[in-house]
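Visitor: Using the hints, position chain B against chain A.
Residue numbers (our numbering), protein chains in the order written: chain A, 1 to 119; chain B, 1001 to 1287.
Check each hint, because a few of them may be wrong.
Said to hold, decoys possible - Simulated restraints, written as ranges between beta carbons of each label pair: (1) A:R32 - B:E1148: 43 to 49 Å; (2) A:D20 - B:H1171: 51 to 57 Å; (3) B:E1283 - A:A84: 43 to 49 Å; (4) A:R32 - B:E1283: 35 to 41 Å.
Hints were generated in silico from the structure; no laboratory data involved. All C-beta atoms, glycine included, are put in the ideal place defined by N, C-alpha and C.
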Amino acid sequence: MAEVPILSIEDFLVVSIQEDLSDAEAEGLQQRLLERLAHARSRGVVIDVSGMDIVDSYFCRILRDTAAMSRLMGARTALVGMRAAVAVTLTELGLEMSGVHTDLSLERGLEWLRSSADA
Amino acid sequence: MESQRSKLNDQQVEGLRVLVKGLQEDQSWLETVRATMVREMPEELLPDEAEWAATLEERFAQLLWAADNRDLGVYLAQQRQQTSEMAEAGMPLRAIARATSDLRQPIADHIRRVVDDTEDQKAAVDALDHMLMESLVIAGEVYAAEREDKVEDEFRHMIRRLSTPVIDVWHEIQVLPLIGVIDSTRAQQMTEQLLERIVDQQARVVIIDITGVPTVDTAVADHLLKTTHAASLVGARAILVGISPQVAQTLVRLGVSLGDVETYADLRSGLERALASLGYSIERKAM
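Chain A with its partners taken away, still in its complex shape (with noise of 0.2 Å):
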């Protein structure tokens, strides 16, 4: 499987997730998300996870991480685009997503970005 791609609009890094990613696969999208922080010096991350039907508990940890090493790096992190069935499944377990802000959509997840850039 191809990897993730990472985008840059405006002044953001965009990750688009089509599909359900292996540990290994989620792994590596967080390494090369890092270096593009620190190559590209975005002041936000955008994650859309619309093209995902099962995020499992590993999975919120590794975004949970992500969310806070890019903080650390002075980028903040949207989540965007939650399926419905999904946002239930992870309040039923209990999952958190503390630390990561999230949105229904790319554009509403960029304007935050927008807001809280001048902040």
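Guide: Only chain B this time, still in chain A's reference frame:
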């Protein structure tokens, strides 16, 4: 290595016994030797009467033991210890070497006077020469090691000072680029330097750049937090920059919190933020 050097052959053993006997029975050589010591050694290192007598007795005992056991090891170990102490007390190698070689003549003369047999005389003087040679070698070794330590210390100190220069990019913004390992000594030194500069320039923001710090673990994070806290006590806000992907991953995985210190991947971002927070903007004039 030392154990081989310190072994004595038959002739040396005999010579040693004659030497000790000659020095013990008639102590008229003492005055001359004492005069040599006084000439070469700094006053504070000179033994007093009681110490002198005790040391002498001890030395004779060690030499007789050496003869009995055909091994000069114990005596030489003592010699090394004493030389180290003198080196630490600041006595120059030159003085020790000279004092050692100046001992030869008066003692050799004395031996020739009190020992009748020429064969015995020769053996005793040979034993004396052997001991003095070993003492000189030891002195050389001790001082070489000590010098190396000193150079290393000086070097480390110099590196510390060179690698914590605080850069005055704007009077309200001070930048501290860190390079190398941060231990507690260095952390303290850099904090002092940073605070002095903050007060000096009345800085409002300090940017600490850790790009050059190879490992950032809980200990290093702790030092950094202490530094940022100290800076805040004198009214400056701290921004930490130079967080690499590796460092970001390590910190999150270790569960280290950097509190509410702003962090950025690179200096430029930190600088932009610092300027913005102080109300500055950069405008390009039409050329």
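Visitor: Taking the hints in turn, state whether each one holds.
Guide: So, going through the hints one by one against the coordinates:
1. The hinted range of 43 to 49 Å is satisfied by R32 (chain A) and E1148 (chain B), whose Cβ atoms lie roughly 47 Å apart.
2. Range check, D20 (chain A) to H1171 (chain B): Cβ separation about 54 Å, and the 51 to 57 Å hint holds.
3. Between E1283 (chain B) and A84 (chain A) the Cβ separation comes to about 48 Å, which falls inside the hinted range of 43 to 49 Å.
4. Between R32 (chain A) and E1283 (chain B) the Cβ separation comes to about 36 Å, which falls inside the hinted range of 35 to 41 Å.
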